[in-house]
Every structure is written in C-alpha cells, then in structure tokens.
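Asker: Produce the entire structure from the sequences given, and follow the hints as far as they go.
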Amino acid sequence: MSAIDAGLIQAGLGLQLLLAVVAVAAALLVSPARRSLTVGVISAALAATGLATGIAALLGAPGSLSLDTVLPMDALTLSPDRLGGLFMAVVSAVGLIVCLFGMSSARGPAASRTAWAAMPVFLVGMQLVPAAADSVSFLLAWEIMTLGSTVLLLADHATRASVSSAGIWYSAMSQLSFFFILAGFAVLAAATGGTSFSAAGSLEPGSAAANLAFVLFILGFGGKAELVPLHVWVPRVLPEAPSHVSAAMSGAMVKIGVYGALLVCVRLLPEAPAWWGIVIMVLGGVSALYGILQASVASDLKVLLAYSTTENMGLIFLGLGASMLLRTSGATGAADAALVAAILLAVSHAAFKATLFLGAGAIIHSTGERNLDRLGGLGRRMPFTAAAFGIGAMGAAALPITSGFVAEWMLLQSLVNGGRLQGDASVAASVAMPLAVAVIALTAGLALLTFVKAYGIAFLARPRSAPASEARDVPGLMRLALGLGALTVLTLGLVPGPIAQAVAAAVPDGSGTVQVVGLAGVGVPGINAVLDPLLLTVLAAVVGIPVLVAMLVSARRHPARISELPWGGGGSRARPRMQYTATSYAEPLVRVFDDVLKPTRDVQVTHAGESRYLVERVTVQQSVSDVFETRFYRPVLQLVQRFGIAVRQIANGSIHRYLTYSFVAFLIVLIAVSL
Amino acid sequence: MSVLRLATLIRRGHHIAEPAPAKPARFAGSEVLGGSVQVRYINAGGCNDCALEVTAAFGPVYDVERYGARLVPSPRHADVLLITGSVSRNMAEPLRRTIEATPTPRFVIAVGDCALDGGAARGGYGLAGPLSDFVHIDIHVPGSPPEPAAIVAALRQLTGR
Amino acid sequence: MNVLTDVTATDVTAEVLPAVVIALVQVVVFVALAPVLVGLIRQVRARIEGRRGAGVLQPWRDLRKLLAKNPVRAADSGWMLTAGPLALVVSSLVLVVLLPLVGTISVAALPSDLFVIVSVMLIGVVALALVGLDAGTAFGGMGSSRHMTVAALVEPTLLLSVYALSIPAGTSTLSRIVGSRLDDPGIIISPVSLLALVALIIAIMAETGRLPVDNPGTHLELTMLHEAMTLEASGRDLAWLEVGGWLKLAALLGLVANLAAPWGVATEFTVLGVLVGVGAIVVKVLLLGVLLSVGEVFLAKVRLFQVPELLAGSFALAFLAVTASYLVA
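Chains as they are written, first to last, in this note's numbering: chain A, 594 to 1268; chain B, 20 to 180; chain C, 81 to 409.
Mixed in with the good hints there might be a few duds.
Unchecked claim - Some, not all, of what chain A presents toward chain C, calculated at C-beta under 10 Å:
{"hint": "1", "residue": "PRO822"}
{"hint": "2", "residue": "VAL875"}
{"hint": "3", "residue": "LEU1035"}
{"hint": "4", "residue": "LYS1046"}
{"hint": "5", "residue": "LEU1112"}
{"hint": "6", "residue": "LEU1129"}
{"hint": "7", "residue": "GLU1157"}
{"hint": "8", "residue": "GLY1161"}
{"hint": "9", "residue": "THR1174"}
Claimed, not checked - Heads up, incomplete: computed chain B residues facing chain A, CB under 7 Å, no partners named:
{"hint": "10", "residue": "ARG95"}
{"hint": "11", "residue": "ARG116"}
{"hint": "12", "residue": "GLU119"}
{"hint": "13", "residue": "ALA120"}
{"hint": "14", "residue": "PRO124"}
{"hint": "15", "residue": "GLN176"}
It should be emphasised that the hints constitute simulated quantities derived from the structure, not laboratory data.
Even for Gly, the Cβ is constructed at its ideal location relative to N, Cα and C.
Answerer: Now the structure itself:
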C-alpha cells in the first residue's frame, strides 16, 4: 500500500514539473488564437495534479522526489508532509479555478505570450513550496513563485502607469521578504549545520539563534502574508493585476506566507516562548483591524478585496499567535483548537477570496468598471455572478453556513475557552484573550459592513452608470469557475466536520482535536464545543417553510403592483445618482475612525455670481490613503533618496577624485597594517 | 430637564387626552382596514393652517392615535392619504408619485376647503388645479381650516373605533 | 458537562423530544407575544405622555391589515424585497428556538452557543441592510449605512458581555449559563455580572433600534436608522420586516430577563415546569417592556456620532467585566 502511495506522490511531483515545462513551451509556441485555451487547459491539468498530490499527502501518503544538482550541495528534496499536502491542495484548487476563469477572461496583454508563460511558472512555484523538505528547494520554489507572479502582474504595464508602479512596489517588497527568509534559513543552517528541515529540530529552544531566526522568518513570511506594516504592496498590486491573477495571488500565494509561518512555528521551532505568541498576536490583531478598516472605506472593489485579504491574514496570525501563547500557558486543548481554526480560516479564505476576486473579474469583464460608485443593479443583469459573489461575500463576512463562519466560530471558541485557564492562569493570557475576542468581534462587525456595502452597492438598486446598466452575465467557462468557488465556500461551511478533521490531522499531535458529530458537524472536545451547520440549516428550513408558504399564499391573494420608480420622497428627479454610493455608505465609519484613517477632505464651494448665499456647485473630494505608506514608507524612501543624492556628490565621475580616494584608502590600509 | 422634573410633569399631566366623543358611522369599505389606519400626510401647497390642525389632531389632546390611526413616514406604509392645501404646480408631480406609491386599498381624505376647490387661492397662477383632478377623494373635511375634532371624526370613520 | 458525549451517547428520542417541544412552545409563545410586547411598549409610553394609546393589540391589527394589502414595488428592486423579510423572520425565529427562554433544555447537537446565536442574528441585520440598499433611494442607503455602522460597533460589546457572563459558568452555551445562575443566584449580583449585564443591555438597545440610539417612533427621515431602510417596503413585505424586528426584540429581552432573573425557567421537562416557564417568561418580558418604555421617556436620541462614544463606554464595561473576572477571582 505505502509503496504505491510513495510512487503516487513522486509521480505527482514529477508530473507537475513536466506539465509546467509543457505549459511554458505551449505558451511560447501556440498561435495567439489558441493560446489561452491550450495553455489554460495544460495549466489546469498542472493544478489538478497538484490538487491530487496534495490530497494524497494530506491523507498521509509518504513519498519524495530528489533532484540532484550540479551545485556542491545536497540534492533538492521535495517531500510534502501532511501540512504541506494541505497547502499544496489549497493553492492548487485555487489555481484550477483561476485557470478555468483565465482561459475565458484573459484578453489583450493578459493573454500575451509572456503572461501565459508566466502562469504555469507561478502555479508550479506555489505548488512546490509546501513540498520542499529542505531550505534550498524551499527558497528556489519561493523565487519561482515570486518571479511568475511579478511577470503576471506586469502584463499590462505598457498601457497603464499604475501597473509599473505596482510592479516596483511588489518586486521591492517581495525581495525584502525573500531576504528575511533567506537570512532566517541561514541562521538556522549555521546553528544546526544542515539545510534539511529535519535538522532544524536540534536547535535549542529559547536560544539566541532561535529567537533571531524567528524574528527574521516572521518579517519574511509576514510580508508575503500581507501583515501590517509590510502590506503596502497589497492595495497597489492586487487591484492592478488581471483579476484571475489577483485571485491566485490573494487566494493562493498569500497562503504560502501562512504556510511559511506555520512551518516555522509548528515544525521548525515548535517550542516557542510566550513572547513569540504575543508578537504574532499583536501583528495579526493590528493587521486584522487596520485591514478591515481600510477595506470598509474603500470604494474600489478590488482595493476593498485586497485590504480584506490583509484582515483575514491578520485573523489567521491572531489564531496562530493565540495558539502559541496558550500552549505556553498549558491550555493544550484550546491551543490545538486555535491552530486548527487558523488553518481552517486559511483554507476558507482561499475559497471565498478567490471567488470574490473572480466575481470582481466578472464585473470588470462585463462593465469595465471596478469603482463601486459607478456600479449598481448588477444582480438583475448578472444573476449568476451575483449569486456566486454573494456566497463569497457571506463567507468573507463569516455568516453561517459558509466556510468563514466555521473557522471564525472555532477561533472564538478556542479563545474564550483558552481564557478560562485551569490552574496557572497567566496574566498575559487573561488579558490577551479578551482583547483578541474584542478585536475579532470588531473585525467581524466591520467585515459585515464591508461586504454588505460591496454586494449591496454593486448588485442591488439601480445602475449608477451606463456600462453598469448595459451589463450582461459572463460566458460559461467563467461561470463554471465562479460556481466551483461558491460551491466550495458552501461545502466547507455545510459539512465542516470531515474537512476540519483532515486539517487537524495535518498538525503534529492534532489528530484528536476535532471530531465529526451529528450531520457532518464539528466537535472540538478540547474546548467542549460543537457546531453542526447542516442541522442549523435544517432548523432554519423547518421554521422558514411555514413563513415562505404564508408569503406565497398571500402573494397569490394580494399580488404586488410594480411601480416604475422607488418613492424616495416623491421628488420628480429621482435619478440613480441620488442613491447612496459606496463612498457615502462608509462615510459614518470614516468619521468614527477619523484618527486612524486620517482622511483628507477638500470642499470647494462655487457661489452663484456675486451672491454669498446662493451656491452654484459644491465639490467635495475625500480620500483615505494608507497611513503606513504616507507616514512610514514615504519618509523612509525620501531619506534613502536624499542619501543617494548626497552620495552622488562623492562619486561625480572625476578621475582625479577617484585617484585621490584610492590614495587615501591605500594610506589608511598602510597605517592600519603598520599598527 | 432633570429626570425628577420630568417625572413630576408626567405625574401631574396624566390624562391630557379629552374624553372620546361618540363614534361616527363607518365609511363604507373601510372594514378591510380592521381598525388600523396608517396615515401619510401631504401638504400639496397649502398655507399651513390645516397642517397645524392636523398636528393638533395627532397631539395628546385630541389623540387620534387611540382610535388606531398613526402617522407614518412613507406612503408605502400608508392606507390613508391626508391631503391639505390646493395643489401647487411644483407639488403636482410629487403628489402624483406619492399617490402612485400608496398600496391599495387606499383612502384619501381632503382636509380644508382649499383642497376641494382652491379656496382663497382659487384661480391663482401657481395652482395646478383642485385636488379632485388628481385623485378620487373619499372623505372631505370642510372648513378653512377645519377644527381638529372634525379631522379626528373623519379618521374615525375609517378606523371604525 | 461534556457536550460531545451528549451528542454521541444519549438516546436520541428521549433527549430530542423535550427539546423539540420546548422549542415549539417558545416559537408559539413568542410569535404571539412579540406584537403584544410592542403594543404594550407603545401603550405605556402613550399613557405616560398623557394620551390614551391605541391598545396593546394594535400591532396585531396593523399586521392583519398589512398582510391584506397589495404591496407596491419599484421596478428595479426585485427579489431582495421577498428574500430580505424572509431571512429576517427566519433568523429571528431561529433565535427564538435557540435561546433559553421557556426552558434550558436544548438538543445537544444544537446548543444555544453564544457565537452561533450572534451570527444568526447578524443574518437578520444583513438582510435588513440589503433591503434598505435595494430600494435604490437616498434614504434607504442612509439607513442601511447607519444601521451597519452601529451593528459593527455593537458587536465587540455584545460578544464580550456574554463572554463575561460565560466565565463563572465555564461554558459559552447560553442555556448552561442560565442554568448555572439558577443554581447559584449569588453570581447574578456579583459586580462582574452586573457590569456585563449593563453592557449587554446597552448593546441590545442599539441592536434593536431603541432609544437612545434610534427613535422607533420617528417619522422624520433624517433622524432614522431602522425605519429608513423599510421606507420602500409595503404590505406584506413591511409586515414581515416588522414581525422579524419585533421577534428579535422580544427574544433578546427574554434573554436579558433570564440572565438577570432566571427563576421560573424550565430545567426539567414536565407539563407543570413548561407551563410555569411560559408564564414566567411572558411576565418577565412584558415587565421588561414596561421598564424599557418608562426608561425611554426619560431619554432623548443621541446624535449619530455620539453613538460610538456610548458604545465605547459599554465596551469598556464589558471588557472590565471580563478581565476582572480573571484577575480578581
């Protein structure tokens, strides 16, 4: 049995590499007319292979693939463990629907030879990072992933300046992450004497090397996982990339950052001191709150989704940190549950965020608009997209019967339970847990507002612009991708038991954390909690059906009359422009969180003629910029630039001056030697 | 105002509402409302005299709410449109849209002489016509302005209480 | 105490039947009670204002009439006007089923879990907000935006206050919390419990659109939160929205009543126990309704942008309650 399984994993990994090469070749060779279809199908096969391999590894199949290199070091080893298999399956599943969507949606520069060649590179990189069993192959796969995503992002750089600017930010932040991760692995390798992950276990917990490696890793993986303050690339990159690429980045690539953090905290450096947990909790909590605040005031649909990604990653890290902190306090049951909840949140985020980004892609495909203030009434015109986006939005808002709800419920339960420590209640945990609950509650509340806004403004009411009023639903392949995404969100939410159990089995000593109870519900014995969404749905149906019947009967008896316009105060000029927009929807929130968001408001009043009282027009401009960018990155970048200009004075190209430098340097060396 | 002072006022001021007069005859067809009348008030272009009387009718002294009538913020919620004033040109369209927005079965009460024929403003250049040009009037409350008790009586014909 | 063993080990019929009966009784009682509660609140307020009031049964008359009308809908607003009220009513009904109102007996696989209950309630909140947006008017959007802002800011208080109440009981299942308070009434008057209850009451006032956060009696559009969202609904659409809101108010008042004074709630499944439970919860909810109404007479609606300060204050109370119960106890 296990021999076949071993062969399976090996074949799966090999097939992924092979398919990636074939896909790149196809992208370069196939004629433009057939390119999207051909490469899309091969890439989808690549993703499907990854999905199968990942699921096999998740279920415990052993196996590895070694690649010998000409370099003087150990062979590159790809050998996914259960956790790696889980993440491989998650990113591959996202990759699969992204390829389906991309085949139909990619147009113009997004369907160019370069863009399609980069897609399989990106996918194979993402799929192989979780398979890496040593730091060299990890870093190699990581860089392949970054390279692929950068090229994909830059597809449209020639026509839009914002894309190239986003590309620069992305490259800089990616390389910063890579640097930190590289340094982290270097510290590990120096301390343990090997690049293999299994060697890292010998590192003494609490040693200086372990602490240093932890800080470097968190900076590196936190940057990839969009944690504040390393998130600045997110609101630029995700909106500017083609939508299916944003879906892959936000749904899948970001999860690789989470995987990295889990790898460090669970596998490489498992015995963490309490302050590691606190650091991760603070980072996660700040990211969650800041991300959702920015998302709630965003009017650009893709910026909104991008910031909401930061929020979700924040919640995942909050769960991870809480798990580490609880483990040090001895609340093992709650710690296990929090860890499973964090991973479950990552899985569900992959499902709903990919669906949402693809939904945004469908909107852009049909209307060319991504500004919510110019959308509206799409529910009637694009019913399929509306349904899929609605389910995704429910997931993002963590409402029942979707995946987001199960994960957030489990996280809250473990925190509340972890707070009730038996015996040695640590002060840190008893303050941190209520605070974390409050942060999650506020985040969830704001997420609700954000997604009510996104869905309500885009899909309900009347269209606010001509393109929105002429929108038609997207073609079949895109619908298939959207439908698969939405179905996953619902499945994860309705039958969470088996899935949560598989996730629990993926973490060390976690296999008993979750039980399947009732109708595929989740039971967590460690924290004495049980949730059965399917039973809840049955209950809702039981109480809902009489209401529905009453509604239908009275609809038959007293039919509705359709009036052309809403009443809206009876005014004779009830134009669609008079509806609330996304900007006005978030206005109360901007005021309430004035101190955090620091909006800039510009009101210009033009008076009619000479009059001081009659107003001809009022122009109001309000913008909310990213505080971290304007207050932190800009000053630092300016400082660097100023330093660069100052240094340029020294190196002005004059031969005489350079000779003088050499002479002075030579003198200094001589003096130093003679001392 | 302090809580104590408010409490004293409440204690001294109970039963501001005057005793209920005799019940008027039910308006034919209003049985469908079953003692619950939601009223949307529209000033279609009056001088606010009648508006003050309507306010008084809904105030604590005449207290038409005790018979089951209530002012509502939207014609969509309303069963009865209480219209005062002759219809001015600028109000013609909002009036038309408000009537259209009211779900059936609905009843229209015209309050004051102006609503019937333009009253003092009859023939004025700003008028779009008498109310009956726009909507079928079910009950008319004459007077310029009518006293609140008459408005209360008209509403009671509809509530049947 | 272990929920999980209950789920797997017990005899299903013996355990499920009482819970189903209790749930059914709760639904019947609260569907009948909710309009009366609202009628009573209005009646008490009218009496205090020196008026006579329309009688406690007036909401029932309103409903009967609204259901018999032909609703008007705008051409651009579609299925949300049907789905929204349905979702709101169903969420409120599920709330009534799950909360420990008449009795603390519930199906083990479907405990009255605090977080599940809040999420179920949020479905109703979202449905109402979407109905408001669907109208496609300025008022609807305005109401929806304000409603969601308040809902977002209320959530931390709501969760933390019940979290504080859950600590002495050692569980986040509301029926067990109520049960533990019944066993040991000393918990109820502990400072932690009182702080948490005050915070919870403020949160519920905000959540159900009562004074001082929202004025349920207003007909001025610019001062509205809740009402503005329903301005475009008529006939049965409006009726179901109203029923949903009333049920939610009644259920949450019932929860507060059973947390503050759990006596009378049925813990054993007997005919007498259930009857006493029904009587107790009806009396308690109506009493709270009277208190609410009297309290509201002394309150003015606060400015919209002072609501966050009120909620921040209640959040501080709840947080204090949670940390105090860890660090002091």
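Asker: Check the structure against each numbered hint from earlier and tell me which ones fail, lowest number first.
Answerer: 1, 2, 14 and 15
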